[in-house]
Each structure stands twice: as C-alpha cells, then as structure tokens.
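Participant: Can you build the whole structure from these sequences, using the hints too?
First to last, the protein sequences are chains C and E.
Residue numbering for the first sequence follows our numbering, starting at 19 and increasing by one per position.
Residue numbering for the second sequence follows our numbering, starting at 19 and increasing by one per position.
The set of hints was computed from the structure by calculation and includes no laboratory data.
For glycine and all other residues, C-beta sits at the position ideal for the given N, C-alpha and C.
Hints may be right or wrong, so weigh each one.
What the hints assert, rightly or not - Beta-carbon label-pair distances, calculated as ranges:
#1 C:T226 with E:K61: 28 to 38 Å
#2 C:E321 with E:V334: 18 to 28 Å
#3 E:G133 with C:P202: 51 to 61 Å
#4 C:P27 with E:F382: 27 to 37 Å
Number of protein chains: 2
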Amino acid sequence: MLNFDYEIPTKILFGKDKIKQLGSEIKKYANRILLLYGGGSIKKIGLYDDVIKILKENSIEFQELGGVQPNPRITVVREGIRLCREHQLSFILAVGGGSVLDTAKAIAAGFYYQGDAWDFYLRKASVKKALPIGTILTLAATGSEMNGNSVINDEATESKLAIGSLLLYPKFSILDPVYTFSLPPEQTAAGVVDIMSHIFEQYFSPETGTAVQDRLSEALLKVCIQYGPIALREPTNYEARANILWAGSLALNGLLLYGKTGDWSTHNMEHELSAIYDLTHGVGLALLTPFWMEYVLSEKTVEKFVDFAQNVWGIVSNDKFVAAHQAIDKTREFFKSIGMPATLREVGIDDQRLEVMSNKAVRFGALGNFKQLNSGDVLQIFKNAL
Amino acid sequence: MLNFDYEIPTKILFGKDKIKQLGSEIKKYANRILLLYGGGSIKKIGLYDDVIKILKENSIEFQELGGVQPNPRITVVREGIRLCREHQLSFILAVGGGSVLDTAKAIAAGFYYQGDAWDFYLRKASVKKALPIGTILTLAATGSEMNGNSVINDEATESKLAIGSLLLYPKFSILDPVYTFSLPPEQTAAGVVDIMSHIFEQYFSPETGTAVQDRLSEALLKVCIQYGPIALREPTNYEARANILWAGSLALNGLLLYGKTGDWSTHNMEHELSAIYDLTHGVGLALLTPFWMEYVLSEKTVEKFVDFAQNVWGIVSNDKFVAAHQAIDKTREFFKSIGMPATLREVGIDDQRLEVMSNKAVRFGALGNFKQLNSGDVLQIFKNAL
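Facilitator: Laid out in structure tokens, this is it:
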C-alpha cells in the first residue's frame, strides 16, 4: 500500500427532501450566487422551482446560467466567470449532472485566475484559489459531487481534458435519489457504466497488498451489477436509485484510490472519442472497457483478473486465464444487457480518425499504470473495438 | 436506506514516516499543546523521542500527561483539563491507542465546560465546543482516530460510558503501520476483534436496501479475516499491518453506518464486563459476539445472517438457518484461532455479578436495534456465555 493523505472535505446531504437544508448551507458561504444548470430536465421535475423558492426565502441573490450541455464547453465556463465577476457573485450552485458540476468547478477556479481558464486543462497553470461551490445532483455517474475533478471540452481544438484539485471539492452536495427517477433509460445505464468504469480504473492498479481498497471496489461493483438492471426496469425504485447514487459518489471520492495508483487509460481513450463524436461518456466507456481488459490481460496482470472473476462474478476456475476471460465476457454481457453498444461501428464511428485520436490520447505521455499504453497500443484497442 | 448527512472532517496521514508532517499540521492550530500518551510503549519504539524532537524543531511548547491506561479514567481527564487551563494550551496531541485518543476527546470537550466532564457521559450535558486535537495512532482497534466517539470509565461508580460529537473528530491522525509492529499478539488480536465487532454492530441493522453499506462492511470483514492471522504470525508484515490499520479507521468513521441504524448491544454489554473486571475490550467482544449472534438469530433476522454466511465466509446452504449457524461457528472459530477466549469463565468471570451488569447495561433503556434486548435478555446472553 502506498502512503497517502486522506481528505474528503465535502459534506453530503443524502436522501429524500434533503433540499430543505439548501438555504442554510449556502448562507454559510455567500448571499450572492451563480445558479448554474443544464437543459430542461430540472424544470420538468420541479427542482428548478424548488431551488428558486428556497433562494428567495433565504434572501439569496442570484444570477442564472442555464444550458450547460453534456461534454461541457469551455465557452460556457468563460461566460460563467464573466457573470461572477460582473455581479460580484461569491458562490456557485450547480444543479444537474456531472457536466454542470464540472463547469461550476472550472468557473470557480477561473474566477481567481487572470489568464484563460482553459490554461488549467492544458496544464499551463494550476489552481491556487477557487470560489466555494455547492451541488444538487440529478444523475449518478461522474462522482463530481464528491471530488475535485473537472472535465471540460474545447470545441475549437476538439479537446476534452481533465483537472483535479482539493480546492474544487464541493462544500456540500445534495443527493436525493428521487431526482434521478425520471432519467431516460440510456442515461441511467450510461451512468452505471461510468461508475463501474471509475471503479475499474482504480481497481486495476499495479500496486499489490491493497486488500482494503480492492475489496471495497468489488463491493461497489456488486452494487452496480445488482441495482443497474432494477433501476432500468423500475425507474422509481428508491432503493435501487439510492444505492446507485451513493455508490457513484464513493466510487470516485478518493476512497478506492488512496494507497494505490489509478490507471485511467479507458477514460482517456474515451475522452478522445467523445471530444470528436460527442458520444455519451458512459456509452464510450462501455464499449471500450472489455477491449481494454482483453488487451492488458497478461501473465503479469492475470491475478487481478482472477480476483475480479471470483469476488465480483463468482467465477472460479483452475485456469487463471479462463477465469479472466470469463469475467471479461461477463462484463461485456452485463453492459449489453443494460442496452449499451459493444463496438465503435454501432455508434457510427469508423476507422477514419482512429489514428488522430490515438495520437491525441498520448499528448501528455503514455497512458495507464496497470499497463502502459503508447499511441500504437491505443490504436490497436480502437481497431479491436471497431 | 435512511437519510443521512455525511461529514468526516478528519485528515488522515497514512503510511511509513508520515510523522514528518506532524509539525506543520499542529501549527495550523496552535503553538502551545498538551502531549498526551499512555504507558511506555511509545518510548520503547522511539516514537516519543521523535515527537519531542519535532515539537522542539517547530517551537511548539508543550505540557506532558502520560500514563493513560486501557479503559481510561475520568480522573485523568480532569487532570488534563486542569493542565490545559493552567498552561493555556489550545491543542491536544494524543499519541497511543484508543484509550489515549478517547481521553484527549474528553479533555477537549471538558475544557470549555464549566461542570464536570463526566456530565457528558451521563447525558447531563452535550458538547458545544471543543479544543482541536490531533492523533498519532499506535494500535488498530477503536477507530477513534477518525471519529468523534469517546469511551471513558468512572472507577467510583464502575461505569464505562460513551459520547459522540462531530466536534470531537480529530483534525488529523497519523497512521504509520510501522508503529504497530511491536504490539504484543494479544493486543493485535483484540484489536482485530474490536474492528470486526464495530463492523458487526453496523452490519446487523434493521434497515434493508442498504447494499452499499452492507457490501462495504463485508469487504472490511474479509480484510480482517485475511490479515489478522498474518499480523500475528509476522508482526512486522507491513502489508498486513497497513490493511488492518486502514480497515480499523474505515470501520468506525461513519462510512458503514450512514443510511442505517446501528445495534451496539454487544459493545454495551462488554462495557459492563470491562467496567467491573477491567477486561481488554476486544477480548470481551470476542467471547460475547457469537453468543449475541445466536441469541438474536430468528426468522426475522436470518436473511442478514445468510448474506453474512455467503459473502464473508463463502457458505451456501439451502437451509437458511444451517448457513447462519455455520457462519456463527466460523466466527467463533476465527476468534479462537487468533487466541481469544470463548467463555466468561476462561477470563475469570463467574455468575456472581451477572445480574448487576445486566441491569446496568440497560440504564438508558433497552439495548440494540437489530433485536431489542432488555435486562433479562442481556442476563441470558451472559449466562449462555459463562
């Protein structure tokens, strides 16, 4: 186990009607805020009206910035920074899924930075100070509600890049499973895949002797596998929604990674797909993951797959590689069973830009730690996934 | 799943040589501190000298209070409060196991209270303000390094009582597995039992639909079962010590309990034993736990035991009660295998004071939530355990 500093400063308000605590939580930090949200879904479910009512009741002044889209744009970030500066707003309330939350973090960091916020993502600048943010989550997926990560797109350069900072952890996040009841099936499924992929990225690690982290990872994978199909069959099943929602936060708040090195190859490869093809992140992850697993499986890595097979899928075999392959097949079948595509062609991606994406994927160096991948490896995985 | 507010403000500095961060962490809070510790073990392993050196290098003034014993006394708490007030100390550094940490919390809370600190434990007063504390842990067991709980003894009334407050979470805790290398086997084993008992108290809960918490609990139980025997055979095995140490903190920092109701019957019953007989807490828990399990097993509770049997011990049976009893037997065997006694008589406790203890155990009302126990139930469990 590697040394680590554990620090998760986000307060989570979890459960039905937890929005009641919104006013008092915001007022610990500010009276003038930016209200950031995405499309129309928060209006449809009544959440928008509830938020406005609470802000008014608590005499919290606000400016609105709506329309944040999936694969969020740096242009919206710049607009948010401008609004905060112009109206002297000192807190950001993000209402929505990971895209809205990630945008809020970019605005929070950019507010105090004299240059362009995209510099953080290009690793030309690091976050030194940030506005406090709070979130109300409407989609279990990215884990952004309980971490300091932010992923943003620059359309101009077709780039999707990530940053992380302890300064960007939300001060509080409200997680009410009821807000996820009306999600369309494909978003529910893609969210479950995203959560599982976060776990995989940390589970498949070069470190050994990390039983705590590994058993906890397997525990959360089992929760996703148990409740994903239930949430699809019964969208208003509170138990299923609650377990997926909480698993999503714990999957990427640091708990599974402290003491280990993550891999993140699949995430980085997927970012290249969705930067160009505007694919739903979880969909890209679902189709790439089994191909990544097959590619990195070797004599050196097989033991981890044996654990995965036995502890997650209940597969036991005398032949380690048989167990490993069965576990990978089970993973692929599970993703298919919740409606995910299994190849690039199924989502309309052909071989035209695979090489471009492979080269962009390694712009900051080789990918991965469980097994390092250069651009040739990435290209091969893309080709296998066609 | 019940609603909950998740908030774990403690920073954990985990790993070899993490003590290097001690000076800078303390100086965030104070320059005049109380240094609290137990017996001679921290001097034997060189930790005491390291701490003194770091305090002097960082110009941190300190008063010492050593000699805190297992089942810590309220008398030491009073002495600590006096020292803090007399010397205007504004931070407590607790170096040792759970007893030292729990004492530090009692001093921290008592410092700002005009009455006697024992009032908190008698539920005559609640903690409104507390001194900040930091800890260096030398024993994996109580989880006190990452929670707001404190258990203290009053010798005068033979009482051992607990309090909990968000204000009493340590600001930071240094967890270096190397400090646990020299623990005597009985302390290592009793610590593992204590950790497992904390998990049981939260796992065996009346709530259903808490898969996240339940799978995480099973994960940590498996870690204890895997590494407990290794730590006993190879006391300097870093991997074993690290996994047990981290499991111990996660077992009682709230993670397993958010969204559920804990039971705590076994802990409360054990406190009566150790208040009178000065038994090691983990030893009392080891012998009581299987008897508690057998007593509460019923048609109503059997499903949880089936999960326990399958997910922790790999036991599958068509007959639920067969599976449950096998799992309880496995638990008892495991405790025996790490040197724990299995009956009260083995630790020199006869039937003379069972009734007194049963009545004291329910002084604040019936015990437990998984199954409620009145004094008659407690007495029966004690008798079964003779």
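Participant: Against this structure, judge whether each hint is valid.
Facilitator: Evaluated hints:
no. : hint                           : in the structure
1   : C:T226 with E:K61: 28 to 38 Å  : holds, 34 Å
2   : C:E321 with E:V334: 18 to 28 Å : holds, 25 Å
3   : E:G133 with C:P202: 51 to 61 Å : holds, 59 Å
4   : C:P27 with E:F382: 27 to 37 Å  : holds, 34 Å
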